[in-house]
Amino acid sequence: MAIAGKSQLSGKFRRNRMLLTAVLAVYFIYTFIPIFYVITAATKTNQDLFNTFGLWFSDDFHLWQNLSELFTIQDGIFLRWLGNTFYYATVSALGAAIFATLAGYAFAKYDFTGKKFLFALVLGAVMIPQTALVIPIFLLLSEVGLLNTAWAVILPSLVFPPGVFLMRAYVDEAISNEIIDAGRMDGAGEFHIFSRLAFRMLMPGFTTVLILAFVANWNNYFLPLVVLNSPEYFPVTVGLANWYATAVGGTGGVLLYTVVMTGALVSILPVIVAFLIMQRFWQGGLGAGGVKA
Amino acid sequence: MAVITLKDVKKSFGAMSIIANVNLTIQDREFVIFVGPSGSGKSTLLRLVAGLEDTTSGQILIDGEDVTNLGPAERQLSMVFQSYALYPTKTVRQNMSFGLEVARLPKAEITRRVDRVAAILKLEDYMDRKPVALSGGQRQRVAIGRAIVREPVAFLFDEPLSNLDAALRVEMRIEIAKLHQRLGATMIYVTHDQVEAMTLADKIVVLDKGDIQQIGTPIELYEHPANLFVAQFIGSPKMNVLVARADGATITFKSGGRLALSAATPTNVAKLGVRPEDISLVREEQGHLVGTVEVVERLGSDTFAYVAVDQLDAVTVRIVGNVAGITAGQKVGLSLDLNRLHLFADDGKTISTTI
Numbered sequence: 008m009a010i011a012g013k014s015q016l017s018g019k020f021r022r023n024r025m026l027l028t029a030v031l032a033v034y035f036i037y038t039f040i041p042i043f044y045v046i047t048a049a050t051k052t053n054q055d056l057f058n059t060f061g062l063w064f065s066d067d068f069h070l071w072q073n074l075s076e077l078f079t080i081q082d083g084i085f086l087r088w089l090g091n092t093f094y095y096a097t098v099s100a101l102g103a104a105i106f107a108t109l110a111g112y113a114f115a116k117y118d119f120t121g122k123k124f125l126f127a128l129v130l131g132a133v134m135i136p137q138t139a140l141v142i143p144i145f146l147l148l149s150e151v152g153l154l155n156t157a158w159a160v161i162l163p164s165l166v167f168p169p170g171v172f173l174m175r176a177y178v179d180e181a182i183s184n185e186i187i188d189a190g191r192m193d194g195a196g197e198f199h200i201f202s203r204l205a206f207r208m209l210m211p212g213f214t215t216v217l218i219l220a221f222v223a224n225w226n227n228y229f230l231p232l233v234v235l236n237s238p239e240y241f242p243v244t245v246g247l248a249n250w251y252a253t254a255v256g257g258t259g260g261v262l263l264y265t266v267v268m269t270g271a272l273v274s275i276l277p278v279i280v281a282f283l284i285m286q287r288f289w290q291g292g293l294g295a296g297g298v299k300a
Numbered sequence: 186m187a188v189i190t191l192k193d194v195k196k197s198f199g200a201m202s203i204i205a206n207v208n209l210t211i212q213d214r215e216f217v218i219f220v221g222p223s224g225s226g227k228s229t230l231l232r233l234v235a236g237l238e239d240t241t242s243g244q245i246l247i248d249g250e251d252v253t254n255l256g257p258a259e260r261q262l263s264m265v266f267q268s269y270a271l272y273p274t275k276t277v278r279q280n281m282s283f284g285l286e287v288a289r290l291p292k293a294e295i296t297r298r299v300d301r302v303a304a305i306l307k308l309e310d311y312m313d314r315k316p317v318a319l320s321g322g323q324r325q326r327v328a329i330g331r332a333i334v335r336e337p338v339a340f341l342f343d344e345p346l347s348n349l350d351a352a353l354r355v356e357m358r359i360e361i362a363k364l365h366q367r368l369g370a371t372m373i374y375v376t377h378d379q380v381e382a383m384t385l386a387d388k389i390v391v392l393d394k395g396d397i398q399q400i401g402t403p404i405e406l407y408e409h410p411a412n413l414f415v416a417q418f419i420g421s422p423k424m425n426v427l428v429a430r431a432d433g434a435t436i437t438f439k440s441g442g443r444l445a446l447s448a449a450t451p452t453n454v455a456k457l458g459v460r461p462e463d464i465s466l467v468r469e470e471q472g473h474l475v476g477t478v479e480v481v482e483r484l485g486s487d488t489f490a491y492v493a494v495d496q497l498d499a500v501t502v503r504i505v506g507n508v509a510g511i512t513a514g515q516k517v518g519l520s521l522d523l524n525r526l527h528l529f530a531d532d533g534k535t536i537s538t539t540i
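Heads up: the protein sequence lines correspond to chains C and R, in order.
First residue of the first sequence? That's 8 in my numbering, and the numbers climb one at a time after it.
First residue of the second sequence? That's 186 in my numbering, and the numbers climb one at a time after it.
Do not rely on the hints blindly, as some may be mistaken.
[Stated by the list, open to error] Below, a list of computed lysine-lysine pairs in the DSS-like style, where the Cα atoms sit at most 30 Å apart:
1. C:Lys-116 - R:Lys-388
2. R:Lys-195 - R:Lys-363
3. R:Lys-195 - C:Lys-116
4. C:Lys-116 - R:Lys-275
No wet-lab data here; the hints were simulated from the structure.
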């Protein structure tokens, strides 16, 4: 669409557009090269992996064999890891998104003592990398005897400060005080208003936080690495890293780089699928405030 | 139905006082309008009655029962909001039945009530639509319908028409008046629009800065405003207010013009008010004041002349009908109806006289 004063034919507009396209192209290449490397590597034999050009396929298409090996090696433990990751990420993301929505709603719509201080804490927590918290979390979990259980990964992941921050802003935008007042006049209690009236209106924001939390948990490596030690509880990230270490060490000689690469490829597919499915909710969210209720 | 009484009601946020000290009784079936400029506290007062805000002190009684500490729903009031506040994810039917479902009424009863109200408000064709798919007027009717189905003891309206365009506003105003006659319910209505207040109200409560300025019927307020604020707020175009001094039975304007009254007035007169329709245009030498016509507005039914008078603000004159022969730049005399003058003291209070 042409903007008045900046016609599509103007030199400035075209220069800006070309510059923007160039920057995006560089960014695309930068992000896509590693993914492409994983894709090609997963289709090669271990020998070809080192003897052929890294960013293209070799003549011997070995993907099916690699996949078969991936899912059968060590009694098919990879499938178990995939299941673990899916379980940890889904439960954590759902819990984190629900808590973030509740907290965001409370911050946006209620006045209570210490609100500013608490929100400052949330903001502060956004700045702290999770890595820094892993050791204290380890000590806490050890204290309550939850180490090496699923809870050790899920409980800490239910706290998702960026989600609280996002949901507060979203609630502010999406829900007018008058709608809440209307619910009160209709006799609904505060939780009833939240669950029956507000929550549906917050779906786009909720989904956004859900995806972000899901991806963060799917990719989580350091926390499970520290708090889990039985391979049957490992998520894919930790399991693959273990395999990789074995492959590098050359011990046993059973594990091949290509299996690790194929595992990496398989492990990113669900995230891509989740993004594609959730996308429509996401886009719905951006336009939701446009219609006055 | 409902008699609503406010006793010494005060509301403040921190150190800021929003409602000073309100004492007010709203009779059963009365249509009462809170009117005032923005920030006058009229909406806050309504929210206090609704139970959406807590009073800082004082009591609110409905039919003699103290409801000060009861929640909004327990007061059995319904409210219509300025933005309609319909639930966007629910259909019209679901919007109207939500409150009844919360109250756990039997399904058949809910359907009966919703259908009946939908028929009254002519909403039958839209029952399965979401609010997004409705026009402004339809949304407003749904909001009113949602209030009616609950069969409340009284209705509260918070500037319900201010989001509508001018034509629709007049239409809905008449709808609300009819609704009041039909339901015979107590209604409290907040508006900043004095025309709405004049046309709808049995009783108007004029508020300014959290304080009640005057309570009365529309005509009482128009004819006998208690102070300068009410005098200027009620009536369109506004009452003309001219700086003047009184000396016995003579009033002298700042411009030098004089009025001879039939009786002596108190000496503390600071301002003289006269409504646009109580002034007539006469020949220069016959008027109490002399000025120059600046602008003439012809509305067909009325003609408004804005006359600049030396050292005074422009004086608005209303003449019924479309009068020919008045043009901008013309020198005219202004003749004031001496039986319909309003005198105000320095503090703005009306000075009661028997002029």
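Checked hints:
no., hint, result
1, C:Lys-116 - R:Lys-388, "violated (35 Å)"
2, R:Lys-195 - R:Lys-363, "violated (33 Å)"
3, R:Lys-195 - C:Lys-116, "holds (24 Å)"
4, C:Lys-116 - R:Lys-275, "holds (21 Å)"
Checked against the numbered hints given earlier, this structure breaks hints 1, 2; the rest are met.
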